[in-house]
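Colleague: Same order as they appear, the protein sequences are chains A and B.
FYI, in our numbering the residues of the first sequence are 1 to 71.
FYI, in our numbering the residues of the second sequence are 1 to 71.
Watch out, some of these pointers could steer you wrong.
As the list claims (entries may be wrong) - Pairs of lysine-lysine, BS3-like flavour, derived with a Cα cap of 25 angstroms:
#1 K49(A) <-> K42(B)
#2 K42(A) <-> K42(B)
#3 K42(A) <-> K49(B)
#4 K49(B) <-> K49(A)
Source of the hints: derived by calculation from the structure; they are not laboratory data.
There are 2 protein chains.
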Amino acid sequence: MTVTDIGSLIRQTRNTQGLRQDELAAAANVGVRFLIELEAGKETAQVGKVLAVLSALGIVMTLTPPAGTTS
Amino acid sequence: MTVTDIGSLIRQTRNTQGLRQDELAAAANVGVRFLIELEAGKETAQVGKVLAVLSALGIVMTLTPPAGTTS
DNA sequence: CAATATTATTCCCGATCGGGAATATTTAAC
DNA sequence: GTTAAATATTCCCGATCGGGAATAATATTG
C-alpha cells in the first residue's frame, strides 16, 4: 500500500459518490489544494488529514500485524 | 481508526518483535523522535513515513470503500 | 466552436515539520 | 541502592506544509 494507491482510491471513491473535489474537501475539513495533492499521491500529507478524508468517504482502514505477533 | 490507534498498534507490534525505538527507526529510515511522536499519536506525521514504519513492521493496511461504491 | 464545469497549478507566507544531538525521565536488572 | 537501558523531551534551524485566491489547463455539454 503506497500513498499513490491511497490517492487513487480516494479519487475513485469520490467519483463514484458523485462528489467534486471542493465538496469532499469541505466535508473533510481540508483545503482543496490538499485534496488535489493527496489524490496525486503526496507523500508528505499529514496523516490526520488523510484519515479525515478517508472517513468522509466512508473508507474503512484495517491494519493487520504479521501473523504470530498479535500476542 | 485514529492516529492514536495507529501509534498504539505500532508500539505494540514493535514490542512483540523485540525491537527498540532506535532500531525500528533505522529500519524504517525515520528519526527516533519521529517514531516517538508517532507512537504517541501525532496527527501531523507525514503519511509516507507512517507507511514506511508500518511496512518495516510487516503491518498490512487494507482500505475498504463503503459497500456499493466499488463500481 | 462556445460556454461551462472541473481539476490542477501557482502565488505569498505564517506555522510547523522533522532531523541530529544532548539532556531528562522512566523502567528494569543486579 | 546503583548501574545501565529504554523512552521521552528539549535545543536549533532549514525545509516544507497547507491555506485562500487567482489563474491556467483540461474535460464536458449543447
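Colleague: So, for every hint listed, does it hold in this structure?
Modeller: Hints, verified against the model:
1. This hinted pair checks out: K49(A) and K42(B) have alpha carbons roughly 11 angstroms apart, not beyond 25 angstroms.
2. Taking the CA atoms of K42(A) and K42(B), the gap is about 18 angstroms. The hint holds against a cut of 25 angstroms.
3. With a CA separation close to 11 angstroms, the supplied pair K42(A) and K49(B) stays within the 25 angstroms bound.
4. Distance hint between K49(B) and K49(A) is fulfilled; the C-alpha atoms sit about 14 angstroms from each other, no more than 25 angstroms.
Of the numbered hints listed earlier, not one is contradicted by the structure.
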